[in-house]
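Those protein sequences? They're chains A and B, same order as listed. For the first sequence, our numbering assigns the number 16 to the initial residue and increments by one for each residue that follows. For the second sequence, our numbering assigns the number 40 to the initial residue and increments by one for each residue that follows.
Keep in mind the hints are simulated off the structure, nothing from the lab. Hints may contain errors.
In silico EDC-like links for lysine to aspartate or glutamate, alpha-carbon gap of 20 Å or less [unchecked claim]:
1. A/Lys104 x A/Asp41
2. A/Lys104 x B/Asp140
3. A/Lys104 x B/Glu137
Chain A side only, calculated, beta carbon under 7 Å to chain B, not exhaustive [stated by the list, open to error]:
4. Leu90
5. Ser101
6. Trp127
7. Thr149
Chain B stretches covered by chain A per the calculated footprint, using a threshold of three residues with CB under 8 Å from any CB of chain A [to be verified]:
8. 89-95
9. 127-141
None of the values given here were measured: they were computed from a predicted structure. Ideal Cβ positions, reconstructed from N, Cα and C, are used throughout, including at glycine.
Listed below, chain by chain, are the residues.
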Amino acid sequence: MVPAWLFWILAVVAVGAALTVVLQRDVFRAALFLVLCFLTIAGLYVTLNADFLAAAQVLIYVGAISVLLIFAIMLTRGVQRGSPFSRLKFPALIICGLALAALVSVFVTTNWGAAPLGVTVPVGDPTAPAIGSTIFHREYGFILPFEIAGILLLAAIIGAIVLVREK
Amino acid sequence: MVIGVEHYLVLSALLFCIGLYGALAKRNVVVILMCIELMLNGANLALVAFSRYLAPEVVLLSGHIFVIFVMVVAAAEVAVGLAIIITLYRSREHIDVEKADTMKG
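Turn these sequences into a full structure, and let the hints guide you.
Set out below in structure tokens:
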């Protein structure tokens, strides 16, 4: 069983870092707090018995995506005058408050118990080998999405190269 | 107090709404991209929480595989987003969404 204090520490740090990303005026500091938020979410994955996803979160989000975002900040350094709010500052606040209230009321009042349909592993076991065999499972497999993901990555790489190529 | 699925779901809703607020209310394209990543992470957290707490003492792996696909899409999105930001900066010398309104009717 996951100790409650671990969840609360990770949750408070994650929400604090996310709020700092939005409210921080310096874009580079916002990116660093985004990295902190990604790391705490990797910790939350560990508390949820998702060891492979925690490793993938650190490798992909902390290692790759945040580096790309910092590249974007550095390459547009000439115009960085903080990150101001747009005209939608207060309407967006109302919309997001309403969305949060609706989501939380649904999450708290619904009974989420159900019979799992698919491959399961006992709590405490490593998930990586089971994930590998589940993607190619005969009955519950994800073979077509797996192929489409490969094509999507190839298309994204080619698209990015074509977009930034010097004419 | 025992931590249940509701705790993780409320946390994921908080992360999603913070990201939504940033994506709607910010002017810098890079910050909007960061906030979209926050929203994707909130959704991922909900998926992993469901796969852990749907049935007691087992982990359902479908949620984990969905999260892997979301990560693939997020990586592709950031790569294309970076290319669009660089193209916008080259042609316009700014990355402000309020000034990029050529196609506004």
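Against the structure, the hints come out as follows:
Restraint check: the Cα-Cα separation between A/Lys104 and A/Asp41 comes to about 18 Å, which is no more than 20 Å; the hinted pair holds. Taking the CA atoms of A/Lys104 and B/Asp140, the gap is near 18 Å; set against the 20 Å cutoff, the hint holds. Restraint check for A/Lys104 and B/Glu137: the C-alpha separation of about 13 Å stays at or below 20 Å, so the hint holds. A hinted interface residue such as A/Leu90 counts as satisfied when its beta carbon comes closer than 7 Å to some beta carbon of chain B; here the least separation is about 6 Å, so the hint holds.
Of the supplied interface hints, the one on A/Ser101 holds, with its beta-carbon coming within about 5 Å of a beta-carbon of chain B, less than 7 Å. This hint holds: A/Trp127 has a C-beta 5 Å from the nearest C-beta of chain B, less than the 7 Å allowed. Taking 7 Å as the C-beta cut-off, the interface hint given for A/Thr149 holds, the closest approach to chain B being about 5 Å. Evaluation of the coverage hint for the region 89-95 of chain B: fulfilled, as 6 residues show C-beta separations to chain A shorter than 8 Å, against a requirement of three.
Coverage of the region 127-141 of chain B by chain A holds [criterion: at least 3 residues with CB-CB distance below 8 Å; count 7].
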